[in-house]
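A.B. asks: Line order of the protein sequences matches chains A and B.
In this text, residue positions in the first sequence follow our numbering: the first is 64, and each later residue adds one.
In this text, residue positions in the second sequence follow our numbering: the first is 64, and each later residue adds one.
Hint data in this document are derived by calculation from the structure and do not stem from the laboratory.
A virtual CB, placed ideally from N, CA and C, is assigned to each residue, including glycine.
Just so you know, nobody snuck in bad clues.
Coverage of chain B stretches by chain A, computed from C-beta distances (three or more under 8 Å per stretch; other residues unrestricted):
| id | stretch |
| --- | --- |
| 1 | 107-120 |
| 2 | 124-132 |
| 3 | 159-171 |
The list that follows gives simulated cross-link-like pairs (lysine to aspartate or glutamate, EDC-like), each with its CA atoms no further than 16 Å apart:
| id | chain 1 | residue 1 | chain 2 | residue 2 |
| --- | --- | --- | --- | --- |
| 4 | A | 131 | B | 112 |
| 5 | B | 131 | A | 109 |
| 6 | B | 133 | A | 109 |
| 7 | A | 133 | B | 112 |
| 8 | A | 176 | A | 92 |
| 9 | A | 133 | B | 109 |
| 10 | B | 131 | A | 112 |
| 11 | A | 131 | B | 109 |
| 12 | B | 133 | B | 164 |
| 13 | B | 133 | A | 112 |
| 14 | B | 176 | B | 75 |
Protein chains: 2
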Amino acid sequence: MTFALDPRLADDTLVVGDLPLSRVLLMNDSRFPWLILVPRRGGLSELHDLSRHERAALIEEAARASEKLKRLTGAAKVNIGALGNMVSQLHVHVVARFEADAAWPGPVWGAGKAAPYSAEAAKAQVRALAAALGLAGA
Amino acid sequence: MTFALDPRLADDTLVVGDLPLSRVLLMNDSRFPWLILVPRRGGLSELHDLSRHERAALIEEAARASEKLKRLTGAAKVNIGALGNMVSQLHVHVVARFEADAAWPGPVWGAGKAAPYSAEAAKAQVRALAAALGLAGA
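Here chain A stands alone, though its shape is the one from the complex (with noise of 0.2 Å):
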């Protein structure tokens, strides 16, 4: 199957660019610094539905984002997590949590509701990641 961004994921998100496996989004949500990668292959749902290959490229790509996200951000804690309740296409959240934040110490998801960055502030926080990250950006 040929790899499509689900829609949810795509109204939701701004792009930052392409790691090797995944697709990395930023999670239009000013209150917290959050990425999404997305394995670029169709028909995944399970982290059980990848390769042992590509589960230990996901793992790295996802530490990758944690490691530069945390130290980008000063973040206390970074939560990474795979739900899929909602989008059932495999993603994986990469989020930076501070002890003042709007959900602490409780998780995101379903956390009150999104703070859209203006198209300025996206746009510089989307190139700051994509630095960090060594992508070209989106």
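Fit chain B to the given chain A structure using the hints.
C.D. replies: Relative to chain A, chain B alone:
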């Protein structure tokens, strides 16, 4: 650093057994079939604190737990998460989700109050999970 299970994780769970890298725990909340994998190494908090080799092992163990838990329970979706806002010791949740469960489609973390297993039910659940994961059991 040597491995010691965080006391809060120990209080909230039952031991299922050990995979090569991780201790496998059952969350003592009968609302959700819920495993927790804790890499048995000291001083870990973030995914990027592990070596590449350990990360590959961890994601294989998470995928195995995910697949076996889904098959055993007939879940609609497996949720995987490493949060650590409350317990900083690196641990990975693997949770079987159902469209009729107490938190669907939201996350299980922070959702309502745990409903502990009876002693009998806990024993049966630990035994079934240990068998599914090919562990000797606790």
